[in-house]
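Assemble the whole structure, with the sequences as input and the hints as a guide.
Residue numbers (my numbering), protein chains in the order written: chain D, 45 to 119; chain C, 3 to 173; chain G, 19 to 236.
Since the hints were derived computationally from the structure, they do not count as laboratory data.
Source: prediction; values computed, not measured.
Incorrect hints may have been included.
[Claimed, not checked] With a cut-off of at most 16 Å between alpha-carbon atoms, the simulated EDC-like pairs for lysine to aspartate or glutamate come out as follows: (1) G:28 - D:92; (2) C:9 - D:75; (3) G:30 - D:92; (4) G:31 - D:107; (5) C:9 - D:105; (6) C:104 - G:32; (7) G:31 - D:92; (8) D:69 - D:47; (9) G:226 - D:47; (10) C:104 - D:105.
Listed below, chain by chain, are the residues.
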Amino acid sequence: MAETRINCLYDNCPIPLLKAMQQLKKMSVGDTLVIETDHSCAMVNFIEWTQKNSIPCEIVEVDNGEWEIILRKVK
Amino acid sequence: MLNNYFKEPWSYTTGAVVLAFLNTMLFIMVDKPWQITTGFTYWAAWIYQGLGGSPELWPYFAESSSRAQALTQGFFSNDLSLMDFGIIVGALLAVLLASQFKFKKIKSFKQFSAALLGGIIMGYGTRIAMGCNIGAFFSSIPSLSLGGWVFAVSAFLGAWVGGKVLIKYLL
Amino acid sequence: MQTLERRIVKQKKDQRPVFLLVLTLAVLLTLNLAAVNSRLALFWIFGLAFGFVLQKSRFCFAAALRDPFITGSTSLLRAVILALILMTITFPLIQYYGLIIGNGELLGFVRPVGIHTAAGGFLFGFGMVIAGGCATGTLMRVGEGFSMQMIALGGFLIGTLWGAWDYPRWETVFIKNSPTIHLPDILGWSGAVLLQIVTLGAIFYLAKKYDERNNIML
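The structure is reproduced here in structure tokens:
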């Protein structure tokens, strides 16, 4: 039940999603991945991609124009 | 609740319908559909003039009456320049309304180089293809121009190669 | 999903007063422009509207052409195709009206097509993926405060100037000898419109199938 954070601040689209894909592969089932991003397009990207792949996803706006995307590896 | 309404992004479909509507209205009102990069060329030429260059003597500008005339105008007195500037301010307004504006710094030298190089390559491409994703694609295909289709297929192939490079070197 | 531990959420600033300030400045500029030339004010207002809609709907032409390869998503591509289908109905009407009732000039962007179109398109497609946005995407993200896109815009300006300098060479070798092809000249107006809508519809359908089948995981 480990939690990994990846810092994607200032990263442009689609790098946050690509980094998350890479990181999720290394993790084990039940682990949590937190992606810190300030790219407004990433929200829409992540929502679509996690729904398609049935990955639980929650997005919190932590500051003006800054978000934390929380994913849980389930399979 | 109103605040949430401002924060919630519109769907891509909504965006598509509104952009198609705006482009059609622009076309009806000024006889020309939406374009971006000709305005960029004027910005660049004005800056170069400010630095002491004389782009107005180049065939690209001198041999076209509309371009030659544009170079005698300024940032706030040229229509295409104002439309491009409007996109920056329009996007800023949308972000401020959602209270989501944040100044984002450069992450690394790699990112800086990618942006600069990618920008230069795009800019050069738009002059020889006579337009960008908007002028040579989004406004060109609906104009029933074969060129719009050729541009779209080529840009798609370019994006495929660009994607490979992005994953290999920039991730 | 199970409740996640509480995140530290900072007290966010309400930026809407700044919105009102920028809006006021934009309106003042509109009034100033309208006093000089109403056409300038019109282009400025259209620019504002385009920028607002692009940001609000996160519309990104670079992603539309790039995501099918990178993430397997075609939702933006399909949105672009939808817009193209809608405009394939409106644009030919404007062109036809212009030709028959107007001064006989073909309106819209119909330009010589040849090697230069393909070469320029390829360079453009490559550049926009590397720079993180195409021309509209770059402008929109400059407005959002991305330094990276400010650099990309600087590069873009250098590139257009370079291209304008080199333009005569492309013109003599390729552009001058390339045909300008308006599809109704070959297929007739109704044929061109119908064929284009059917083609776009078919690409839309294939893109949807592709999206459903593809689960790209790096």
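Here's how the hints hold up against the structure:
With a CA separation close to 26 Å, the supplied pair residue 28 of chain G and residue 92 of chain D exceeds the 16 Å bound. For the hint pairing residue 9 of chain C with residue 75 of chain D, the CA-to-CA distance comes to about 30 Å; that exceeds 16 Å, so the pair is violated. Annotation: proposed proximity of residue 30 of chain G to residue 92 of chain D is violated, straight-line Cα distance about 26 Å (limit 16 Å). At roughly 8 Å between alpha-carbon atoms, residue 31 of chain G and residue 107 of chain D fall within 16 Å of each other, so this suggested pair holds.
Distance restraint check for residue 9 of chain C and residue 105 of chain D: the Cα-Cα separation of roughly 10 Å lies within the 16 Å cut-off, and the hinted pair is therefore satisfied. Simply put, residue 104 of chain C and residue 32 of chain G have alpha-carbon atoms about 12 Å apart, close enough for the 16 Å limit, and the pair holds. A C-alpha spacing of about 28 Å is found between residue 31 of chain G and residue 92 of chain D, which places the hinted pair above 16 Å, so the restraint is violated. Taking the CA atoms of residue 69 of chain D and residue 47 of chain D, the gap is about 14 Å. The hint holds against a cut of 16 Å.
Restraint check for residue 226 of chain G and residue 47 of chain D: the C-alpha separation of about 35 Å exceeds 16 Å, so the hint is violated. Taken as a hint, the residue 104 of chain C and residue 105 of chain D pair is honoured in the structure, with Cα atoms around 12 Å apart against an allowance of 16 Å.
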